[in-house]
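Given only the sequences and the hints, what does the whole structure look like? Please build it.
The listed protein sequences derive, respectively, from chains A and B. Note that my numbering has the first sequence beginning at 985, numbered continuously upward. Note that my numbering has the second sequence beginning at 35, numbered continuously upward.
Think of the hints as simulated: they come from the structure by calculation, not from any bench.
Distance windows between CB atoms, simulated:
| no. | chain 1 | residue 1 | chain 2 | residue 2 | range |
| --- | --- | --- | --- | --- | --- |
| 1 | A | F989 | B | L89 | 52 to 62 Å |
| 2 | A | R1018 | B | D71 | 21 to 31 Å |
| 3 | B | H132 | A | D1053 | 30 to 40 Å |
| 4 | B | S131 | A | D1127 | 37 to 47 Å |
| 5 | A | P1141 | B | T102 | 18 to 28 Å |
| 6 | A | Q1030 | B | S98 | 36 to 46 Å |
| 7 | B | K119 | A | I1049 | 41 to 51 Å |
| 8 | A | T1043 | B | T99 | 41 to 51 Å |
| 9 | B | R107 | A | R1034 | 47 to 57 Å |
| 10 | A | Q1160 | B | S98 | 14 to 24 Å |
| 11 | B | G97 | A | M1010 | 44 to 54 Å |
Think about it this way: if two alpha-carbon atoms lie no more than 30 Å apart in a straight line, the pair counts; the simulated DSSO-like pairs of lysine-lysine are:
| no. | chain 1 | residue 1 | chain 2 | residue 2 |
| --- | --- | --- | --- | --- |
| 12 | B | K77 | A | K1152 |
| 13 | B | K119 | A | K1009 |
| 14 | B | K118 | A | K1157 |
| 15 | B | K104 | A | K1152 |
| 16 | B | K77 | B | K119 |
The beta carbon of each residue, even a glycine, is placed where N, CA and C say it ideally should be.
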Amino acid sequence: MKRLFFALCIGFIVILVGGGGYAAKMMLSGFSTRTPPGPVETAIAQGVRRIAIPARYKTMKNPVISDKDALREGMEHWADHCASCHANNGSGNTMYGNGMYPRPPDMRQEHTQEMSDGELYFTIQNGVRLTGMPAFGTPGDNDRDTWKLVTFIRHLPSLSQNEEMSMKAINPKSPQEIEEEQAEESFLHGGSTPPQRLSRRKESK
Amino acid sequence: MKLRTLMAALLLATISLLAHAHEGMIHVLGTAMALTDKSVTVKTTDERIVQVTLLESTTYESGSTPLTRKDLRVGDRVVIHAVKKDGGLQAHEVRFSHEMPASTH
Chain A
985 MKRLFFALCI GFIVILVGGG GYAAKMMLSG FSTRTPPGPV ETAIAQGVRR
1035 IAIPARYKTM KNPVISDKDA LREGMEHWAD HCASCHANNG SGNTMYGNGM
1085 YPRPPDMRQE HTQEMSDGEL YFTIQNGVRL TGMPAFGTPG DNDRDTWKLV
1135 TFIRHLPSLS QNEEMSMKAI NPKSPQEIEE EQAEESFLHG GSTPPQRLSR
1185 RKESK
Chain B
35 MKLRTLMAAL LLATISLLAH AHEGMIHVLG TAMALTDKSV TVKTTDERIV
85 QVTLLESTTY ESGSTPLTRK DLRVGDRVVI HAVKKDGGLQ AHEVRFSHEM
135 PASTH
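Written out as structure tokens, the structure reads:
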């Protein structure tokens, strides 16, 4: 009994000192999103996320037949709604993605690709707490557009450069960004020289 | 009071906050003056000399055609979208054409 009490005390002190040290570090450096989460925090968050997906979703298969039309629709949907954070190619290398805490994962990699269809579907529909990933679905619906996104996510590792280029035309742009693009294209084709731009433009690579 | 502050700090330490980045891309427009496998030196339209690092992830295109680093030549007009990192510029995307060099006057 004494040993158990002693072990609990030691555990409590370790947690207190560790937590206090972490809090002190945070207070000194500020709650910035510039640095990515460390390996411990990442492992815990990923573990918790896995546990948080209801069991029935884990075995779900994508009901959408993976044909050209489904892939094209998923791709267009992705370029319009997801690419601002996840990038057209799923790398997450965008202005928004690079500043998030945690960073969006590189969805071409194993960590995402080894998730089941249902886990991907659940994540899109319900979002991920304490990250930048919002819920895009409503409870209980069976959204075929989301399943088409799952189809596209499966395609990400083999996305061609031409497909990526075609997605750029669908990425949402402000009137200012469209104007900028036109000025730059005109410059590239021998037009007059627009001023140097130090713009704060989001990129959906 | 101190205990409350400590508890608030501990609570805050355990949560991650959503935030949006506020840094965008820097657009470098001009003529490619020098090229290596790892960088391109650009004479910009306002007559500055700017070196931009080329990464493996950098994409290249001309018009709507995806190209490679090997297609880029000295003298090409370039529009580079780059990010500031480690005191330099890293190219995210290089668009170019083999048009006449950009006039700087």
